[in-house]
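> Once you have looked at the hints, place chain E on chain Z.
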Amino acid sequence: KNEVEQSPQNLTAQEGEFITINCSYSVGISALHWLQQHPGGGIVSLFMLSSGKKKHGRLIATINIQEKHSSLHITASHPRDSAVYICAVSLNTGNQFYFGTGTSLTVIP
Amino acid sequence: NAGVMQNPRHLVRRRGQEARLRCSPMKGHSHVYWYRQLPEEGLKFMVYLQKENIIDESGMPKERFSAEFPKEGPSILRIQQVVRGDSAAYFCASSPSRAGRNTEAFFGQGTRLTVV
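Chains as they are written, first to last, in this note's numbering: chain Z, 1 to 109; chain E, 1001 to 1116.
These are computed hints drawn from the structure, not numbers from a lab.
By construction, the Cβ of each residue, glycine as well, lies at the ideal position given by its N, Cα and C atoms.
A few of these clues could be false.
Going by beta-carbon spacing under 7 Å, a handful of chain E positions derived as facing chain Z [claimed, not checked]: (1) Gly1042; (2) Leu1043; (3) Phe1045; (4) Glu1104; (5) Phe1107.
Just chain Z, same shape as in the assembly (with noise of 0.2 Å):
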């Protein structure tokens, strides 16, 4: 089983939705990062958190350290958004970070 798991695996907007993309992890992490990567190109970070909210122009991205979930909302989507969104975590012990499969969100105009 994979540490961190991600839904929904695809999803395809229109332009101006609101989208949420969802994480969930099952181990003990000191934060927890939200990263894109654009087909064929590299990885850019987005957000690292360890608790709360934080807020990127139209990017939110949330924590519970609880329920060991966490939310990226884009709001006011464009088809620029479109790229694979990927969840990774980096444990309290070890030297790594550890991944979702991402999702891959298509925003039609």
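Relative to chain Z, chain E alone:
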């Protein structure tokens, strides 16, 4: 401050050849992580290095794969005698300290290795 630089971006090798992937961390970062992303799969940890030291190589295949991070120069991931199954995107990340609560890692653009 340039980001994490990986080169080459694309690499084609014939079966049996050697592949060398380079990663220059962000300025001031002494911790480097290598990850592999197989087609249709998530990222998997390979190795964690600090300058001149391998800290954790639990994700590295036992044979043909090696990594180094010398005192001067980039980190190198070396794959000897490549096989078709090595075709993947290899990502490098760097951080100023060990991955943890207050440590954000920055990723490179990746090297896409194709073995023909």
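> Each hint should be assessed against the structure and marked as holding or not.
Against the structure, the hints:
1. Gly1042: 4 Å, holds
2. Leu1043: 4 Å, holds
3. Phe1045: Check passed: Cβ of E:Phe1045 comes within 4 Å of chain Z, closer than 7 Å.
4. Glu1104: Since the shortest Cβ distance to chain Z is 5 Å, the answer is holds.
5. Phe1107: Constraint on E:Phe1107 satisfied, holds at 4 Å.
In the structure shown, no violation is registered for any of the earlier numbered hints.
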